[in-house]
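Asks: Below, each chain spelled out in residue letters.
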Amino acid sequence: MIDLAFDIRFQQGQFTLEVADRSRVNVLGLFGPSGAGKTTLLEAIAGIRKPSRGEIVLGDTTLFSADKGIHVAPRDRRIGYVPQDALLFPHMSVRGNLLFGATSSALDLQTVAGMLEIAPLLSRRVQGLSGGERQRIALGRALMTHPALLLMDEPLAAVDRERRERILPYLLRIRGELQVPLVYVTHDAEELSQIADRVLVIGDGRVLRAGAPAEVIDRR
Amino acid sequence: MPDNALGIAAFSALMALVATLLALPPGVVLGWLFAHKSFPGRSVLETAAMLPLVMPPVATGLILLRLLGRRSPIGQALDAAGLEVIFTWKAVVIAMAVMSVPIVLLTAKAGFQQVNPRFEQMAATLGAGPVRIFLTVSLPLAGRSVLAAAFLGFARALGEFGATIMIAGGIPGETETLSVAIYRLTEVGREDDAMGLMLLSLLLAFGASFASNHVLRRQKT
Chain A
31 MIDLAFDIRF
41 QQGQFTLEVA
51 DRSRVNVLGL
61 FGPSGAGKTT
71 LLEAIAGIRK
81 PSRGEIVLGD
91 TTLFSADKGI
101 HVAPRDRRIG
111 YVPQDALLFP
121 HMSVRGNLLF
131 GATSSALDLQ
141 TVAGMLEIAP
151 LLSRRVQGLS
161 GGERQRIALG
171 RALMTHPALL
181 LMDEPLAAVD
191 RERRERILPY
201 LLRIRGELQV
211 PLVYVTHDAE
221 ELSQIADRVL
231 VIGDGRVLRA
241 GAPAEVIDRR
Chain B
64 MPDNALGIAA
74 FSALMALVAT
84 LLALPPGVVL
94 GWLFAHKSFP
104 GRSVLETAAM
114 LPLVMPPVAT
124 GLILLRLLGR
134 RSPIGQALDA
144 AGLEVIFTWK
154 AVVIAMAVMS
164 VPIVLLTAKA
174 GFQQVNPRFE
184 QMAATLGAGP
194 VRIFLTVSLP
204 LAGRSVLAAA
214 FLGFARALGE
224 FGATIMIAGG
234 IPGETETLSV
244 AIYRLTEVGR
254 EDDAMGLMLL
264 SLLLAFGASF
274 ASNHVLRRQK
284 T
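From first to last, the protein sequence lines are chains A and B.
Just so you know, the first sequence maps onto residues 31 to 250 in the numbering used here.
Just so you know, the second sequence maps onto residues 64 to 284 in the numbering used here.
FYI, nobody ran anything at the bench for these hints, they're computed from the structure.
It should be emphasised that the depicted structure is a prediction, and the values quoted were computed from it without experimental measurement.
Check before you lean on any hint, since a few could be wrong.
For each label pair, taking beta carbons as the anchor points, the in silico distance ranges come out as [claimed, not checked]:
(1) B:Gln176 to A:Gln209: 39 to 49 Å
(2) A:His121 to B:Gly192: 16 to 26 Å
(3) B:Ala68 to A:Thr133: 56 to 66 Å
Listed next, the stretches of chain B that the computed footprint assigns to chain A, with coverage defined by at least 3 CB atoms under 8 Å from CB atoms of chain A [said to hold, decoys possible]:
(4) 132-139
(5) 180-186
(6) 199-212
All C-beta atoms, glycine included, are put in the ideal place defined by N, C-alpha and C.
Can you make the complete structure from the sequences, with help from the hints?
Replies: What follows is the structure, given as structure tokens:
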């Protein structure tokens, strides 16, 4: 279960992200239109972007605090990040990508490859893989680090509806079997209702509504 | 062409090769730092690293002579260790390496700037520290530019004259490179011999430059 609390402000040019929330759920969904600030929030949680003020706390660990001068480096956060474009390392094989962040306490390669049905791809280069395959490999790569939290940025945006129906069960297995809490970004209401326990609706850099998927999505 | 033309060319190429190997680590690491990292004093360090490119080579040679000469602390330490540098082949290598670092740095920096910084961010979220990110992500992704930097650094080393003559002299059979030999032969009126060495020099420089361009062209396609 996630125990994630954040109250941050991030400014870049004309865009301001000012969001606050505390969630204790298995899957927190971030819902909203493009440019709302969902990815910026994910990157702040991952440690890739540094907010100008505020605090991010995961469980008992303060990941960022402007007042206390804390900014835990991304490599020390134990937070897996699956970006929208997968960002597989192009100079490595699928196996190389999966093993890049593998820790001794993590799941073994065969388990992850089996669960995500990517075992036949292990020796292939990443060039020429389909959008769905790339997403599953990026997901596997993040899982191999044994993350305390997994951030997923529109993992199904690059795949068609048929493949979406096939990938969604993998995500549900991560939630169910591996007990890895997720922060899940999408602008597909149907996806959210299937996977998220709680949803933050974000627009123009602010949290507009928060609650169970049925409550906040019905009010759209 | 003088009798020992091939010997001079081989000596020059060997010295340039060793100098390139010496220039690559600082040139590539600095190129990476200047491409992606911000830190206090960066502008001053970047400017200082470029000085051998913009200063008169003989002035750089004079600095090296003062740094490595027997009256300097470094020179005395080398002397105490039994290492003779000035007016030996080691001085040739040092002069060539110092003059090659800026060109290696500039080419490598351009390569690292083409690498999407999000790959490095992704590697960090996967638990990699800066050294591992550099060695396993940035360097392989900028690999062709680094190879091109090595070829250009080799070509620059091969053409080195001013700094070399200051700290290595031009002792025939010991420290005489193609550039120095061309100058010496022209000075004593053996212009035909000098032209022969010039052709060898041209061939080596063309080959290195062509290889560099070829590597970079393949990167773009």
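Asks: Determine for every hint whether it applies to the structure shown.
Replies: Hints versus structure:
no.: 1; hint: B:Gln176 to A:Gln209: 39 to 49 Å; result: holds, 42 Å
no.: 2; hint: A:His121 to B:Gly192: 16 to 26 Å; result: holds, 19 Å
no.: 3; hint: B:Ala68 to A:Thr133: 56 to 66 Å; result: holds, 59 Å
no.: 4; hint: 132-139; result: violated (count 0)
no.: 5; hint: 180-186; result: holds (count 5)
no.: 6; hint: 199-212; result: holds (count 5)
Checked against the numbered hints above, the structure violates only hint 4.
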